[in-house]
Amino acid sequence: MSSFTWDYCAKSACARSKCVFIGVKCILRTIVTGLYGFHVKFCTIHSWAARSSLADWSLLGVRLLRRPRPLPPCARALSPPLQQQPFDSLAEKPQFPGASAEFVDHLEFIQPNVISGIPVYRVMDRQGQIINPSEDPQLPKEMVLNFYQKMTLLNTMDRILYESQRQGRISFYMTNYGEEGTHVGSAAALDPEDLVFGQYREAGVLMFRGFPLDLFMAQCYANVDDLGKGRQMPVHYGSKDLNFVTISSPLATQIPQAAGAAYAIKRENTNRVVICYFGEGAASEGDAHAGFNFAATLECPLIFFCRNNGYAISTPTDEQYRGDGIAARGPGYGMLSIRVDGNDVFAVYNATKEARRRAIAENQPFLIEAMTYRIGHHSTSDDSSAYRSVDEVNYWDKQDHPISRLRHYMTARGWWGEEEERAWRKQSRKLVMEAFERAEKRQKPHPDLLFSDVYLEMPPSLEKQKESMWRHLQQYREHYPLDHYEK
Amino acid sequence: TVRNKSRPTQKMNLFQSVTSALDNTLASDPTAVIFGEDVAFGGVFRCTVGLRDKYGKDRVFNTPLCEQGIVGFGIGLAVAGATAIAEIQFADYIFPAFDQIVNEAAKYRYRSGNLFDCGNLTIRAPWGCVGHGALYHSQSPEAFFAHCPGIKIVIPRSPVQAKGLLLSCIIDKNPCIFFEPKILYRAAVEQVPMESYQIPLSQAEVLQEGSDITLLAWGTQVHVMREVAAMAQEKLGVSCEVIDLRTIQPWDIETVCKSVVKTGRLLVSHEAPVTGGFAAEISSTVQEECFLNLEAPITRVCGYDTPFPHIFEPFYIPDKWKCFDAVKRMINY
Numbered sequence: 001m002s003s004f005t006w007d008y009c010a011k012s013a014c015a016r017s018k019c020v021f022i023g024v025k026c027i028l029r030t031i032v033t034g035l036y037g038f039h040v041k042f043c044t045i046h047s048w049a050a051r052s053s054l055a056d057w058s059l060l061g062v063r064l065l066r067r068p069r070p071l072p073p074c075a076r077a078l079s080p081p082l083q084q085q086p087f088d089s090l091a092e093k094p095q096f097p098g099a100s101a102e103f104v105d106h107l108e109f110i111q112p113n114v115i116s117g118i119p120v121y122r123v124m125d126r127q128g129q130i131i132n133p134s135e136d137p138q139l140p141k142e143m144v145l146n147f148y149q150k151m152t153l154l155n156t157m158d159r160i161l162y163e164s165q166r167q168g169r170i171s172f173y174m175t176n177y178g179e180e181g182t183h184v185g186s187a188a189a190l191d192p193e194d195l196v197f198g199q200y201r202e203a204g205v206l207m208f209r210g211f212p213l214d215l216f217m218a219q220c221y222a223n224v225d226d227l228g229k230g231r232q233m234p235v236h237y238g239s240k241d242l243n244f245v246t247i248s249s250p251l252a253t254q255i256p257q258a259a260g261a262a263y264a265i266k267r268e269n270t271n272r273v274v275i276c277y278f279g280e281g282a283a284s285e286g287d288a289h290a291g292f293n294f295a296a297t298l299e300c301p302l303i304f305f306c307r308n309n310g311y312a313i314s315t316p317t318d319e320q321y322r323g324d325g326i327a328a329r330g331p332g333y334g335m336l337s338i339r340v341d342g343n344d345v346f347a348v349y350n351a352t353k354e355a356r357r358r359a360i361a362e363n364q365p366f367l368i369e370a371m372t373y374r375i376g377h378h379s380t381s382d383d384s385s386a387y388r389s390v391d392e393v394n395y396w397d398k399q400d401h402p403i404s405r406l407r408h409y410m411t412a413r414g415w416w417g418e419e420e421e422r423a424w425r426k427q428s429r430k431l432v433m434e435a436f437e438r439a440e441k442r443q444k445p446h447p448d449l450l451f452s453d454v455y456l457e458m459p460p461s462l463e464k465q466k467e468s469m470w471r472h473l474q475q476y477r478e479h480y481p482l483d484h485y486e487k
Numbered sequence: 001t002v003r004n005k006s007r008p009t010q011k012m013n014l015f016q017s018v019t020s021a022l023d024n025t026l027a028s029d030p031t032a033v034i035f036g037e038d039v040a041f042g043g044v045f046r047c048t049v050g051l052r053d054k055y056g057k058d059r060v061f062n063t064p065l066c067e068q069g070i071v072g073f074g075i076g077l078a079v080a081g082a083t084a085i086a087e088i089q090f091a092d093y094i095f096p097a098f099d100q101i102v103n104e105a106a107k108y109r110y111r112s113g114n115l116f117d118c119g120n121l122t123i124r125a126p127w128g129c130v131g132h133g134a135l136y137h138s139q140s141p142e143a144f145f146a147h148c149p150g151i152k153i154v155i156p157r158s159p160v161q162a163k164g165l166l167l168s169c170i171i172d173k174n175p176c177i178f179f180e181p182k183i184l185y186r187a188a189v190e191q192v193p194m195e196s197y198q199i200p201l202s203q204a205e206v207l208q209e210g211s212d213i214t215l216l217a218w219g220t221q222v223h224v225m226r227e228v229a230a231m232a233q234e235k236l237g238v239s240c241e242v243i244d245l246r247t248i249q250p251w252d253i254e255t256v257c258k259s260v261v262k263t264g265r266l267l268v269s270h271e272a273p274v275t276g277g278f279a280a281e282i283s284s285t286v287q288e289e290c291f292l293n294l295e296a297p298i299t300r301v302c303g304y305d306t307p308f309p310h311i312f313e314p315f316y317i318p319d320k321w322k323c324f325d326a327v328k329r330m331i332n333y
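Top line first, the protein sequences correspond to chains A and B.
Numbered per full-length UniProt numbering, the first sequence spans residues 1 to 487.
Numbered per full-length UniProt numbering, the second sequence spans residues 1 to 333.
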């Protein structure tokens, strides 16, 4: 049995690998040259000839069968749906409508490959050095500094709000420690008009788009400035202006919704993409399967971005799935997929940029699995020392962190140094503390807002319930914290 | 009123009236799309016949077989501003989509502070007994959803009602579930206006006025009540007021209570199992509002607390004899 060898080829033709699969499928990597002059590899399992580039069927003496040349991407997007070959009962080929395949005459099960799974694309090493210069997106200094400042500002806000929960000032909080690179790298690759569906650990995307600290705080404090009108727990942010759909607690529900939104956007012809974030745990939900299948079948311009951070609360990945992570599922849906180093902001940027370009041009979904590590606890309700070692956490915090890797990149170019670091730490902390102090003083929203927005218009029965609440409050007001609420 | 002599009408059964409503919608609203299992060829109940040819495959299309995906996808379409009309093949199969409906669609506007909503979503599903449907082709699940603030639930009794109510659901800026009594798809035939028209939601309709007892139902059961009213008049000399609730949620409490204040007696009937069925909610509210006007306890004639049986359907359903008997007992209370 031949083992998997990944044969990297920097520039030209697709790399071939010896398949361990008998007869039917062969994993290839197609190298796609993006408009930005770098190369991003997407991993595809060959299913339809037209969806992939040159596919060779080769294994253990089975005859090579050359597939017809695929259509170029834009032509593929416009061409009619792929047809089954016309019936030919004399041909020695399977005629089944359900699969395009060859016959094979010996029994062997396809082996899932988790030992050397889909490779992890990265641009920088753990010390922030560029590995392959042609992959460096060569972003301007201002842009890179902005990445750094957004990641660190998020980190600072996380520290302060986590602490404020510990002090009883807010009810709940979730930090983003260790995953800042996935947020900023992907957000930077999108247009402001692109629609974002998140799970709950993507605050950096919103921060990158310019959501002010005051509004982050307002939502966490559920105060009168909260755009969500105080209805949800902290970190359930949303912004219509910034095209960030309000977060909801049920996991993975956003995945099929993102597919529907992308379908609507496709029909509008406005060159927008939808991005949908979720964790590797949420990817186990039925809604994830539904969303992937719908997006692929209905040809939606959509980026599925999985933050694989190693844990779903206390559940490690080996208790979450048995296959090769989330990226390996993409080909099962007929979806182009890639695995990237989520702690490498440039890798995340490059992959998202290319996925965006092609999703819009070709009306198909892309799956990006960003490997990363959740340095913080799941939330303020969790103490992760109960299920993982401090050593493990420290490794990621000290040796492989998106913020420090980017800082090394910047200092190597003379764009950042000790002085800038000191000044920025002071300034970012000051910004966060000032927003925090303002938020602390604000009142809570008017209690009438308990009743509105259930429907667009308030039904008479709900009006009556509201009136009954106020009558009750008139009589029993001393038992209720009315003073903290807007009058 | 709906009937206007100058408006052209066509003889349509209930599924054709649904097609007509969808046709009107696709014609006037370029963002409208219809999707679900098997809708492309016309649907298992023929509700979408001809629409794909007329409006294109990007607007009338099949989805994979996955109700949670259908509703989730529909929510996303609606959030992005399109008019989304999702078909669930049988109401019995709506449950995989329960989370998307209850936790997402119903709460979208509230939880986002009205930044986002999926008011453009309408879910349609065939509903109710059909003679041989058994457990999984006969259910009336409206009570599960009535408990969920944020969605509207609408059930028509006839083709004219179906078209007007469906169009209201589609235009309504809240997510709506529209249950279509499958037994009436072919059996109910009326002259239905060809152009678009709306019948208001959350308004019950008094079909026949009476003084001794209020008979309240929705969907197919309204026709049973009409028969019961005729029987009661003929055999008992009892004058029945028959009301079609039409919208289950939010329901027209005012019309029902006004009627009960007048008659003093209320009979509510539905096919769904009696325990926790929507008649229980109506009963509870009416006794709160009209306690002193009641001449007899509010009676519910409903399905038994069993799954919907196959061969035993004639014994299971709340037929006119069971309802007639209930009227007799209430009059003699």
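Hints should not be assumed to be uniformly reliable.
Some chain A residues close to chain B (C-beta under 8 Å, calculated; not the full set) [to be verified]: (1) Leu195; (2) Leu227; (3) Arg231; (4) Pro250; (5) Thr253; (6) Ala259; (7) Ala261; (8) Gly291; (9) Asn293; (10) Thr411; (11) Ala412; (12) Arg413; (13) Val454; (14) Tyr455; (15) Ser461.
Computed list of lysine-lysine pairs in DSS-like fashion (alpha-carbon distance at most 25 Å, straight line) [stated by the list, open to error]: (16) Lys173/B / Lys258/B; (17) Lys262/B / Lys328/B; (18) Lys328/B / Lys464/A; (19) Lys235/B / Lys173/B; (20) Lys262/B / Lys464/A; (21) Lys141/A / Lys487/A; (22) Lys466/A / Lys398/A; (23) Lys240/A / Lys173/B; (24) Lys430/A / Lys441/A; (25) Lys487/A / Lys464/A; (26) Lys173/B / Lys262/B; (27) Lys444/A / Lys398/A; (28) Lys487/A / Lys466/A; (29) Lys426/A / Lys441/A; (30) Lys258/B / Lys466/A; (31) Lys322/B / Lys235/B; (32) Lys54/B / Lys464/A; (33) Lys173/B / Lys466/A.
Derived coverage of chain B by chain A (criterion: at least 3 residues anywhere in the stretch with Cβ under 8 Å from a Cβ of chain A; other residues may be distant) [said to hold, decoys possible]: (34) 114–124; (35) 196–203.
Calculated directly from the structure, the hints in this document are not laboratory data.
Ideal placement from N, C-alpha and C gives every residue a C-beta, glycine not left out.
Evaluation of the provided hints:
1. Leu195: 7 Å, holds
2. Leu227: Holds, because the Cβ-Cβ distance from Leu227/A to chain B comes to roughly 5 Å (cut-off 8 Å).
3. Arg231: Holds - the Cβ of Arg231/A comes within 8 Å of chain B, reaching about 6 Å at its closest.
4. Pro250: Holds, about 5 Å.
5. Thr253: OK, holds: Thr253/A within 8 Å of chain B, min 5 Å.
6. Ala259: 5 Å, holds
7. Ala261: Ala261/A check passes; min Cβ-Cβ to chain B is 4 Å, inside 8 Å.
8. Gly291: Check passed: Cβ of Gly291/A comes within 7 Å of chain B, closer than 8 Å.
9. Asn293: 5 Å, holds
10. Thr411: At about 40 Å, which exceeds the 8 Å cut-off, the nearest Cβ of chain B leaves the hint on Thr411/A violated.
11. Ala412: 42 Å, violated
12. Arg413: Not OK, violated: Arg413/A not within 8 Å of chain B, min 40 Å.
13. Val454: 5 Å, holds
14. Tyr455: Result: holds, 5 Å to nearest chain B Cβ.
15. Ser461: 6 Å, holds
16. Lys173/B / Lys258/B: Given pair Lys173/B, Lys258/B is violated - Cα atoms ~28 Å apart, limit 25 Å.
17. Lys262/B / Lys328/B: Measuring from Cα to Cα gives roughly 18 Å; hence the hint holds.
18. Lys328/B / Lys464/A: 35 Å, violated
19. Lys235/B / Lys173/B: 46 Å, violated
20. Lys262/B / Lys464/A: Holds, because 23 Å separates the two Cα atoms, which is no more than 25 Å.
21. Lys141/A / Lys487/A: 49 Å, violated
22. Lys466/A / Lys398/A: 53 Å, violated
23. Lys240/A / Lys173/B: 18 Å, holds
24. Lys430/A / Lys441/A: Within the cut-off at roughly 17 Å; holds.
25. Lys487/A / Lys464/A: 20 Å, holds
26. Lys173/B / Lys262/B: Outside the cut-off at roughly 34 Å; violated.
27. Lys444/A / Lys398/A: Given that 25 Å is the threshold and the Cα spacing comes to 40 Å, the pair is violated.
28. Lys487/A / Lys466/A: Judged against 25 Å, a Cα distance of about 15 Å means the pair holds.
29. Lys426/A / Lys441/A: Holds: Lys426/A and Lys441/A sit about 23 Å apart, inside 25 Å.
30. Lys258/B / Lys466/A: 22 Å, holds
31. Lys322/B / Lys235/B: 15 Å, holds
32. Lys54/B / Lys464/A: 47 Å, violated
33. Lys173/B / Lys466/A: The hint holds at about 22 Å.
34. 114–124: As far as the segment 114–124 of chain B goes, the hint holds, because 5 residues have Cβ atoms under 8 Å from chain A.
35. 196–203: violated (count 1)
Hint compliance for this structure: hints 10, 11, 12, 16, 18, 19, 21, 22, 26, 27, 32, 35 are not met, and every other hint is.
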